[in-house]
Amino acid sequence: MDNNFKQPLSWGCPIDRVEYGKIVLAHGGGGTLMHQLIKHVFEPAFANPFLQQHHDSTILDMDGIHLAFTTDSFVVKPLFFPGGNIGKLAICGTVNDLAMAGACPMYISVGFILEEGLDIRTLQKIVDTMKYEGDCAGVSIVTGDTKVIEGKSGDGMYINTSGIGIVRQEPPPSPFQIQPGDHILINGDIGRHGLAVLSAREEIHFEPPLESDCASLGTIILAMFENNIPVHCLRDCTRGGLASALNELAQDSQLTFIIDENQVPIRDDVRGACEILGLNPFYVANEGRFIAFIPQEFVSETLQLWKDLEPESIPKDIGVVVDNRNTPVILKNTIGIEVSLPMLSGEQLPRIC
Amino acid sequence: MKYIDEYRNPAITQQIINEIKHTVTRTWNIMEICGGQTHAILRFGIDLALSPEINLIHGPGCPVCVTSVQKIDQAIYIAQQPNTILCSFGDMLRVPGSQTSLLSVRGRGCSVQTVYSPLDTIRIAVQNPNKEVVFFAVGFETTAPANAMAVKKAKELSLKNVSLLCAQVLVPPAMVALLSDPYCQIHGFLSAGHVCTVMGYHEYEPIAETYKTPIVVTGFEPVDLLLGIKKCVQLLEQGKYEVQNAYPRAVKREGNIPAQRLIHEVFQPCDQHWRGLGVIPNSGLKLRPEYAEYDAETKFDLSKNEGLEHVSICIAGEILQGKKKPIECPAFAKQCTPENPLGAPMVSNEGACSAYYQYTRHNNAQQ
Amino acid sequence: MCLAIPGKIISIDHSDPTLRMAKVQFGGVIKEISLALTPEACEGMYVLVHAGLAINIVDEDEAKMILAEFENVDVSESEG
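Protein chains in written order, with the working numbering: chain H, 1 to 353; chain V, 1 to 367; chain D, 1 to 80.
Watch out, some of these pointers could steer you wrong.
Said to hold, decoys possible - Using 16 Å as the maximum straight-line C-alpha spacing, the simulated EDC-like pairs for lysine to aspartate or glutamate come out as follows:
1) D:K64 x V:E6
2) V:K2 x D:D61
3) V:K252 x D:D61
4) V:K325 x V:D47
5) H:K332 x V:D47
6) D:K8 x V:D5
7) V:K240 x V:D271
8) V:K21 x V:E242
9) V:K2 x H:E275
10) V:K252 x D:E43
11) H:K39 x H:D252
12) V:K252 x D:E69
13) V:K231 x D:E69
14) V:K230 x V:E242
15) V:K155 x D:E32
16) V:K2 x D:D16
17) V:K21 x V:E53
To be verified - Simulated restraints, written as ranges between beta carbons of each label pair:
18) V:K131 x D:D16: 22 to 28 Å
19) V:N18 x H:L51: 47 to 53 Å
20) D:D16 x V:K160: 16 to 22 Å
21) D:S11 x V:K334: 50 to 56 Å
22) H:E203 x D:D16: 17 to 23 Å
23) V:D301 x H:F176: 22 to 28 Å
24) D:D59 x V:H264: 22 to 28 Å
25) V:S303 x H:I149: 51 to 57 Å
26) D:S11 x V:K160: 18 to 24 Å
27) V:E328 x D:L67: 34 to 40 Å
28) V:E19 x H:L51: 53 to 59 Å
29) H:T334 x V:H264: 27 to 33 Å
30) V:K131 x D:I12: 28 to 34 Å
FYI, nobody ran anything at the bench for these hints, they're computed from the structure.
The beta-carbon is built from N, C-alpha and C at its ideal position, and this holds for glycine as well.
In isolation and in its complexed conformation, chain H is listed as follows (with noise of 0.2 Å):
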C-alpha cells in the first residue's frame, strides 16, 4: 500500500517502531490522524470533485435539484450510557449532517454489525429508540441491512447510517462561504457527550451522572432558513469537540478565528469533572451542539431564535473570523492572553499529571 505518511528518521529508537504503516485508534478519533488517512489515503484513492466539498454531507445535483447525502458509522463504547445509547447516536448524527449542509433530513438507511451473542433485547431497545429519535426527527428508515460477525465478548454492535435530505438554502452552508467578519455562535455548553460516554465506560462515578447532550438539530437549523438567516457555514462539534471542528473549517476556509474563551458556555458538572479529570472540554465531544458561522447584523436575531426555540439552551457569539493570520484558530484565553488552539491528534484521555 503506497503510505504517504511523513517516515521518522531514526533507526534505533524505540518510539519509532510504534505501528506505522499501521492503523491505529486515533486514526478513528477525528484528530489529525483522522484527517491524514483520509487526505493520503481516500482522497487519492476515490478522487473526484464531490470529495473536495469537505463538508458534513456532500450535495448532489439531481436535475436541478439539490440532495445532501451522508454517511455515518457508530461504534461507541458502551452501547447504553447516561442520555442515550448507539441507536440515538446513530439516528441523531446522520439527521445532524445533513442538517449542517443545509439540507431538510429526510430517509435513512441503517446497516447492523451485530456481534454473535448479543441479546436480542438489546437490539431491541436499540432499534426501538432509533424509531423513536427517526420520529422526532421526521426521517424515514427506509431501507436498512444485518450482518454477524464472530463475538469477542458478546455485546456488540456497529451501526452505519447513512441519510439523503434536500437542500434549503442556495448557496448551502459550506466552509467556502465563511467570510472575515463573520460571527462565531453555538447552540449551547459544550463538553457533555464525550463526558458521558468516558464515565460510563471507564466506570468513573460522577454524581449526579452526567448525560449526554445527543439530539437532532435538524428543527433548530431550517428555522434559520424559514427567517431567512444567511447562514455562511454550520458544523456540529463531535468527536474532538468544538476545537477540531474550529480547525477543519479554518483549514478548509483558509482563514483565521478568534475564539472569546469567556464566552464558551460550560456547565458547572462537566467544568468540574475535566478539572478532575484534567481533560479541555473544547476537546470534549458533543453530540447535540454546532456552530453557525453567520454575518454580524444578524447575530442577535439569531440567538434569540435559538433561545424561543430551546428556552433551556445557553446560545452564545463565541468569536469572530479575519484574514489568514497563520494560525487556524487563536484563543483569547480566561486570562487575557491569546493562545493557538490546536488539532489534538487523538482522543483525550484522562490524566493526573
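Please arrange chains V and D on chain H, whose structure you already have, making use of the hints.
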C-alpha cells in the same frame, strides 16, 4: 470553582507580570520541574506574556516521559496475559514501549482498564476474583500515598488477586542529578507544588544551599505560577539561595505527615531508570519486603522485557535536562509530531515537546 | 504527577475507617474521595484532591492573604 477561578484572574496575572518586568535586570534560566506546570504555562500562554529575560525551561517532571521503556514493556506484557486486567492512569496508555502501547493492545482485545484512582483497582479486584488485577503504579511523590493506600487496603482485605507494577520516581534526586551536570545552565527552580504538599519542602533546603540555587515551591494556576516565578526572580536578583514557598494554601514545610508515614510503611527507595536520563540512584520507590506478595515482579516473569533504548535523532534527554527547548530540536514539528513521535516528550500531553507543539506560539507562526 | 483540584467536603462516610470516604464537590459534580490522609478534614472544609485521595486541607487564611495583596487591582480594566 473556588480556589481555582480566583487564581485565573486576568487583572491579577497582569499585575504580577508587570511586577516581574520591573524586577528583572538580566536573563535568568528557570526550570519548572513538573509536567503539569509546563502544561499550564503553555496553555495559559504565560511564557508569551513574560519579559524576554525570563527563560523558562521545561524539566523532567512528567512521569509519562521518564518512565522507562522496560516498565512500559512489562505493563504491556502483563496486559497480554490471560485472566489479567491491567489498570492504569490514562496518561500512560498512549506511551509506546519497544513495540506497541497499552492503548493498542487494548484495541486488540487485551484487558486494560483506565482508572482515576489506584483505589479503583481494589474495587475491580473485588469484582473480578478470578482475575489477576495489576495496577501500573507510576507517579511522583504526589501519587505515592494513593498507590500505597491501594496496597494497604488490599492487605487489609486479604486480597490475593491484586498487585502493583511499581515505576514511581522521586523529585529531589533528579534535581540533584540535573544540578550536578557541569553543563547545567539552570539558575533557579520552580518546585512541583503538589509533590511538596505531600513531602514538604525541607529536603530541598540542603540542595539550594549546596548548589547555590533558589528553589520556589510553586502551584499550577496562572497566579500561582507567576508568583513562583516572581519570587524566584527576586531571589536571583538578590543573589539569595534559599527555598521559599509561593503556594502556602497547599504546602507546609513539613508536608503531610500521615501521607509520608504511609509511603514509608509500604515503599522503600530504590535506583530507578529515567527515560532519556539514565539510572539515578535512590530516585525511585519499590514495595517493602513485607508487601512482596503485592509486587507484580514476583507474580509475573518480567525478565524478558528488556526494553532497550537506542540512540536516535531524538534529543529527549537534552530536552528533559533543560539544555534545549523543543523548538531547537531539528526534528520538532517536522519528522517528530504528536502523530509520529520520535521520543516520549512528544507522546505525552505533558511532555515538553507535545505541550509546545499543541500551544505553538502563534506569534512565531506569523514569522 | 501533579493534577490536584480543590473540592468542598459535603459529607463523610465513617463506615470504612481506613479509607474514610467522603462526598466532595467540584464545581457541579460530586465524587467520592478518601480522606485517609487528612484526618482533621471536616464537612465544609476544602481539600486538595489527587487520584482519589485528599492530600491536604486548603489553608483558607493563606489563600485570603495571597489574594489580599491584590485587592486594589482593578478587575474591570481586565475585560476586553
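For each hint, the structure was consulted:
no.	hint	in the structure
1	D:K64 x V:E6	holds, 10 Å
2	V:K2 x D:D61	holds, 14 Å
3	V:K252 x D:D61	holds, 13 Å
4	V:K325 x V:D47	holds, 13 Å
5	H:K332 x V:D47	holds, 15 Å
6	D:K8 x V:D5	holds, 15 Å
7	V:K240 x V:D271	violated, 32 Å
8	V:K21 x V:E242	violated, 22 Å
9	V:K2 x H:E275	holds, 12 Å
10	V:K252 x D:E43	violated, 22 Å
11	H:K39 x H:D252	holds, 12 Å
12	V:K252 x D:E69	violated, 20 Å
13	V:K231 x D:E69	holds, 14 Å
14	V:K230 x V:E242	holds, 14 Å
15	V:K155 x D:E32	violated, 22 Å
16	V:K2 x D:D16	violated, 28 Å
17	V:K21 x V:E53	holds, 9 Å
18	V:K131 x D:D16: 22 to 28 Å	holds, 23 Å
19	V:N18 x H:L51: 47 to 53 Å	holds, 52 Å
20	D:D16 x V:K160: 16 to 22 Å	holds, 20 Å
21	D:S11 x V:K334: 50 to 56 Å	holds, 54 Å
22	H:E203 x D:D16: 17 to 23 Å	holds, 19 Å
23	V:D301 x H:F176: 22 to 28 Å	violated, 60 Å
24	D:D59 x V:H264: 22 to 28 Å	holds, 25 Å
25	V:S303 x H:I149: 51 to 57 Å	violated, 38 Å
26	D:S11 x V:K160: 18 to 24 Å	violated, 33 Å
27	V:E328 x D:L67: 34 to 40 Å	holds, 38 Å
28	V:E19 x H:L51: 53 to 59 Å	holds, 55 Å
29	H:T334 x V:H264: 27 to 33 Å	violated, 40 Å
30	V:K131 x D:I12: 28 to 34 Å	holds, 32 Å
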